[in-house]
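> Given chain A, put chain B in place with the hints provided.
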Amino acid sequence: MAAKLIKQERTVAAFDSTHEALSAEAACKAAGIAGRLIPTPPEIRADCGLAWMCEPQDEASLRTLFDQQHIEGHMYRLRLWTC
Amino acid sequence: MTIYCNNAATSIHKAPGVSDAIVHALGGYNSSRGAGGTDATHTLFSCREHLAHLFGAPDSSRVILTSGATEAINTALLGLDCHIICGRDAHNASLRPLYHKQGDSDASWLYGLDAEGYVDRASYKQALLQKPGLVVLTLASNVTGIISNVAHLAELAHEAGAKVLVDASQAAGHYPIDMCEMGIDLLAAPGHKGLLGPSGIGCLIINGDIDIAPLKFGGTGSLSYEHAMPKAYPERLEAGTPNHIGVAGLNAAVQYLLTQDIQEIYAQEAAITAYFVRRLQELQADATRYNFEILGSVESLFWEKESIPEDAMCVGHTGAISMRIEEDAPGPDVLSQALADTYQILTRAGLHCAPLIHKHFGTDSTGALRFSFDRNNTKDEVDAVIVALTDLLERR
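Chains as they are written, first to last, in the numbering used here: chain A, 1 to 83; chain B, 84 to 479.
Isolated chain A, as found in the complex (with noise of 0.2 Å):
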């Protein structure tokens, strides 16, 4: 059950509010883009939050995404620890 964690590059978006990060990861699960919530990673903000994170191919369509849903994410690509 070991993990080890790898840098990995991942796109993540970054919200003002929680319910708009729940507003994105229903979203997201709606138009199957794959992904997940996590904390938003201190590289963008120190003061907690959360965040989606996904694929980096899948950036484009997450923005088309939010475009049409009118969801307020602040797109990053970042090297993250992941499992």
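Everything labelled a hint here was simulated from the structure, so no lab data went into it. Be aware that one or more of the hints could be misleading.
Pairs of lysine-lysine residues, derived as DSBU-like cross-links and limited to a Cα-Cα distance of at most 35 Å, are as follows [stated by the list, open to error]:
id, chain 1, residue 1, chain 2, residue 2
1, A, K7, B, K462
2, B, K299, B, K314
3, B, K462, A, K4
4, A, K4, A, K29
Below, chain B without anything else, positioned relative to chain A:
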């Protein structure tokens, strides 16, 4: 199986009888005020009586039932017309109402902490020279777990002419509290942590003649022709239909705690936390792992109660242990997520809504990883946490 190490946020094991009391309350309570003789009315009374008993408060009519500690603290801070000082170990439940009330241009109303994470005696005494009407004390930090010597700090505050509000969120149910013995004028506590009740319920307890202006206005089931809120507590500070479901759960929880020896609960939690600290220290010595550091002193986990001087700044330690992680290592947020996903170990990373203590320790840009134990945690669980951390902190 899940290993729950997030009791500082919410206790996972509720007291026996809480679920049944909530189900009973859902099944036909009359929730209106003033409908004499209902279950709901009696449960409200009973809950106030039990809370007063648990915390050594002399008058149960001054037990104000709130939505939690945050509302309790807001009620006190915004309802008192005086200058207030507060420590850098405080939670945002205290800090944000004070920024709102007193401004944050220089935050001269904040007293500091020392290198151990204890209230800094000189800074505290300096702040008392401001002649505050109220001093906010955090009984136990939700980041370091350090339990402050509230009895001593309250004595100093009273000598300076100030009343004392104690945020007991992290200590209530974990550490013995007697408002009269400890000199506590106002006490705020949530139902869902150490009191082992549901969330959405808590209390503000007023010890003595303190006039707090209401934060909310509305029906109280009494003096309905009056335009103003009643002068008498608890109605003065409780407008609207009470949270009877939460009150029923909290009442059952406090009844249970009254059958327990809180000092024994404290001793059990200190023992399991001390075991965790010893295991962490072994891991710290392993050069093949990333470095980490525990925030604040953990010495008090190993103290005998009788050996603590009366004027010590610290009198104990809760089950909360927070770690700063070496810069190149996976951060607290990543570790917390990996612990949950891979090992089913639940922790809390980030700033813990206590930004100033993180600034004090220099963890404001990264946050920290917090484990918080209660007496239900076992040595086997601690061992499993150490195995997981050993995996995750392997240098790469």
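> Please go over all the hints and tell whether each is borne out by the structure.
These are the hints, each one checked on the structure:
Pair hint K7(A) plus K462(B) holds up; C-alpha atoms about 32 Å apart against a cutoff of 35 Å. For the given pair, K299(B) sits about 13 Å from K314(B) by alpha-carbon distance, which is consistent with the 35 Å threshold. Restraint check for K462(B) and K4(A): satisfied, since their Cα atoms lie roughly 25 Å apart, inside the 35 Å limit. Restraint check: the Cα-Cα separation between K4(A) and K29(A) comes to about 27 Å, which is no more than 35 Å; the hinted pair holds.
Consistency with the previously given hints is maintained throughout, with no hint failing.
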